[in-house]
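J.: Model the full structure from these sequences, guided by the hints.
Number of protein chains: 2
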Amino acid sequence: MTAPPSPQPKTDLPPEFAFIRRHFLALAGPAALNLQDDAAVFSPPQGREMVMAVDAMVENVHFLPTDPPDTIGRKLLRCNLSDLAAMGSRPEGWLLAFARPPHITDAWVEQFCAGLAQDQARFGLSLMGGDTTSTSGPLVLSLTIVGSVLPGQAIQRCGARAGDGLWVSGTIGDGALGLRVLQGVEPPLADPTGHLAERYRLPQPRIGLPLHGLASAAMDVSDGLVQDAGHLARENALHVRIQADQVPLSAAARALGPAWQEVCLTGGDDYEILFAVPPEREHQLLSCPSLPTPYGVVPVTRIGQFEAGVPGVSVMDGAGQPMHFKAKGWSHL
Amino acid sequence: MTAPPSPQPKTDLPPEFAFIRRHFLALAGPAALNLQDDAAVFSPPQGREMVMAVDAMVENVHFLPTDPPDTIGRKLLRCNLSDLAAMGSRPEGWLLAFARPPHITDAWVEQFCAGLAQDQARFGLSLMGGDTTSTSGPLVLSLTIVGSVLPGQAIQRCGARAGDGLWVSGTIGDGALGLRVLQGVEPPLADPTGHLAERYRLPQPRIGLPLHGLASAAMDVSDGLVQDAGHLARENALHVRIQADQVPLSAAARALGPAWQEVCLTGGDDYEILFAVPPEREHQLLSCPSLPTPYGVVPVTRIGQFEAGVPGVSVMDGAGQPMHFKAKGWSHL
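Residue numbers (UniProt numbering), protein chains in the order written: chain A, 1 to 333; chain B, 1 to 333.
Hints are not guaranteed to be accurate.
Note that identical chains are pooled: a pair holds if it fits in a single copy or bridges any two copies.
Taking lysine to any residue pairs in the SDA-like style, the calculated list, with each CA pair at most 20 Å apart, reads [to be verified]:
id : residue 1 : residue 2
1  : Lys-326   : Glu-16
2  : Lys-326   : Cys-158
3  : Lys-326   : Pro-15
4  : Lys-326   : Arg-180
5  : Lys-326   : Arg-21
6  : Lys-326   : Glu-262
7  : Lys-326   : Ala-259
8  : Lys-326   : Asp-245
9  : Lys-326   : Val-263
10 : Lys-326   : Pro-258
11 : Lys-326   : Pro-102
12 : Lys-326   : Asn-60
13 : Lys-326   : Met-316
14 : Lys-326   : His-231
15 : Lys-326   : Val-185
None of these hints come from the bench; they were simulated from the model.
T.: What follows is the structure, given as structure tokens:
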């Protein structure tokens, strides 16, 4: 047998492989098999159930082309982590589909991945696999998140009963206001500390919120508090009544005055957790309205109550009168 | 307490929810929790490892706007199933991110989902979750596939040794030729039985190919046989020599004559399995070159051999001379 001829085709990697190796290999965990294989392989953590979700973000729909690429990566991961948090589950890994238009430069991708590296370390997970492709349209990012939970401990949207309190973590409305700060509405919205813009760009997924044994139902607030509370109520065949003046607002949001209340209540991009608590479990929370997480103590607030009645949501003002909103919340189609 | 006021906002579902319910609910398995929750929850099959991959398809890049929507859905699922097949693993479920441009009608989505329903039944898996969003660009579909395998039995790309034979399932080149049939090259390519077009639109993922205990390494052929064999060789730090006249072609491909050989060898869209077999395990395959799967007996063919040498691939013609190709294979960036 003769010596092998020169390899043909040449050994340079096709652009796709070089791209993956250059940008994504540093993010890969053991399950990713160096991103060289057809699929990731991992052992599910002993005695736990798997929790999985996918969330896509599209340029000009979910983020602004002028947003810093590192915060786009981090927001993409955090929105998915918020889904895990709502189920009371912990992160294990993630996969990414990246449809790249020509205007997304290597420098952009580098910053995007730097943001992901920072947050995957913070939240204790790593890249398992992915796919890159070209597109003539806007950048489309689809992230699949993989988590786990002890059997039977996933908190679902169904489970609330009439009489349960409606609670929410953190503050509501900052993200929606932050978007308007960044979009530059007229007259300009005051955001002297940058808190609102920061909350739009970098939501805080409530990973580790101890919902098991406390909440009868939970979901994350991403499409607007009022709309999402309506979903939670309808999926439990209940009515939920929200007291608008109980909804927790940040100092930055309060400073803008009551004209912006509707945006806070319906605007979306909160990534807080909305959850139902049976009355017998509310006493402790009412006396100390906060919950511990590995990322700090998270304030929680009782904003309403589930009751029998027409399935859906109503919002009452401080005088006990029903409020009406122009916006119904965010729909993705 | 007064009776609850009329729900506000109204109880009609936002378009996104109605869209998901109308089209995707029928595909959902138990893990999907009726597609109402933030994430899917499932128990990993006892004593098995999880296998996961994501593949995206973009309109005008991976499929033609004129392709029937049902075959687009089926091809998307089958390409992902091919990744599982290459790892010797079995399907468990899938998630979908759907970035929908305005020109994708409800009727289109209905046919798309009908195709998915047909194939998820055929291959024994169900929808676990997903996300839908709007886009101003082309339709982007990202499918995450979830499979499982007995611990340690996943077949990876690394593991081949010098002396191992290079084998491939089925036939090579039909998909690439089928694309050219459908694109309408001049002069037109003969496809009297429609076999080539069918193979482009509906690859046959080799789920259940019994690679464990047989193959030392495997991958699926999606970007062109020559390029993918080069990857397999380089990832094992080996040279692989392919005998072009041993590469199995369908009767429809052979009928087109030798002018189309290069397209077959480099064109991609095969979704066959390329695998390495140590010499001591080849005897049985050489005497009966086929393998059983739940979807029928699959012919397999020895097309070359791994050897020490410059990492990469060479392709020899029937006279033992190295062949040179214009096309290097398919890159997605």
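J.: Name the hints, by number, that the structure is in violation of.
T.: The structure conflicts with hints 2, 5, 11, 12, although it agrees with all the remaining ones.
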